[in-house]
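The listed protein sequences derive, respectively, from chains A and B.
In terms of this note's numbering, the first sequence has 167 at position 170, counting the first letter as 1, and numbering is strictly consecutive.
Position in the second sequence counted from 1, then plus 1161, gives you this note's numbering.
No lab work stands behind these hints, which were simulated from the structure alone.
A portion of the hints provided could be inaccurate.
[Said to hold, decoys possible] Only pairs whose alpha carbons sit at most 25 Å apart, straight line, appear in this in silico SDA-like list of lysine to any residue: (1) B/Lys1166 <-> A/Thr162; (2) B/Lys1173 <-> A/Val158; (3) B/Lys1174 <-> A/Thr162.
[As the list claims (entries may be wrong)] With the Cβ distance kept under 10 Å, some of the chain B side facing chain A (calculated, not the full set): (4) Ile1165; (5) Val1199; (6) Ala1207; (7) Thr1233; (8) Gly1234.
For each residue, glycine too, the CB sits at the ideal point set by N, CA and C.
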Amino acid sequence: MITLALNILDIVQNSISAMATEIAVEVTESAAVDLMKITVKDNGRGMSQDLLSRVTDPFVTTRKTRRIGLGIPLLKYHANLAGGDLEIQSGEGIGTTLSATLKLQHPDRQPLGDLAGMMTILMTANPGIDFLYTHKTDMGEYCFSSREVMEYLGITDFSDVSLLTDIREMMNNNLEDIGASGFNGE
Amino acid sequence: MSQIKSLADLRKKREEIKAEMDTRIKAIDPENHVQIKVAMATCGIAAGAKEIMEFFVEQLDRRNIQGVVTQTGCMGYCYAEPTVEITLPGREPVVYGFVDLKRADQIIEKYIKEGELIDGIIPVNYETIDSKE
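Please take these sequences and the hints and turn them into a complete structure.
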């Protein structure tokens, strides 16, 4: 994983496997307090306290193809590397909230990467899930909701490629406006 | 058209495009469409599955091929990521490994368009993560 966006893409796969119907991704960056915070919140089936306590262990996974699961440990590693940490709250039947904090200016903090591309990939592949994206900076806030776009345009999926390109452009334009570091894949 | 910033801009652009070509058939014929599943677990993503998926979505449209691109979990072929499962209409699924942009292009041109098998096939005795449990 070379960008945080790819890490988020991976973490969201956990929410998808947990049968979530709403997944909210939030990225906050503040130069004032030297903080970057990434939160992925879902309404999936959640984890038991036992699983929750072991989930950052790379040798813990719920899948059966093999006995390792690296998504969460990798993000934790990258957060630790950048002077931060990873925290998960979960309840069975309630959902899971995962947040990673990183020092914004830390030299080992990964670049955010292609956030808009990450969101459009998720939307194309999972038309049944509502994705919410929020990006906050010292200059402002941008919110994007896949359900809102669907309702506004009267569509039921995101199979139209030119629409995806436009959505990417729209997100990138708005991210640029609030001085976000992860627009246009940078 | 100026910059797209809001949903209203997005809709305006849609209407412009619609006016240009409203004859395009958008309904997917299940008998006749290709199913592409890109493995997108940690291993796939780290190996570049995001770019591969974007490529398939974009190129199917550009080359006018009816198909659906979705993502799937890890199929247990982490060494061969990015892996892509292609199901042609009425055929058994075929899994290709080590898919870079060049191989993805070959898959579209040779396998999807002409049904001709190309290098990089992973032997068939696999189960997808969805079929387990």
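A quick look at each hint next to the structure:
{"no.": "1", "hint": "B/Lys1166 <-> A/Thr162", "verdict": "holds, 13 Å"}
{"no.": "2", "hint": "B/Lys1173 <-> A/Val158", "verdict": "holds, 16 Å"}
{"no.": "3", "hint": "B/Lys1174 <-> A/Thr162", "verdict": "holds, 11 Å"}
{"no.": "4", "hint": "Ile1165", "verdict": "holds, 4 Å"}
{"no.": "5", "hint": "Val1199", "verdict": "holds, 8 Å"}
{"no.": "6", "hint": "Ala1207", "verdict": "holds, 5 Å"}
{"no.": "7", "hint": "Thr1233", "verdict": "holds, 9 Å"}
{"no.": "8", "hint": "Gly1234", "verdict": "holds, 7 Å"}
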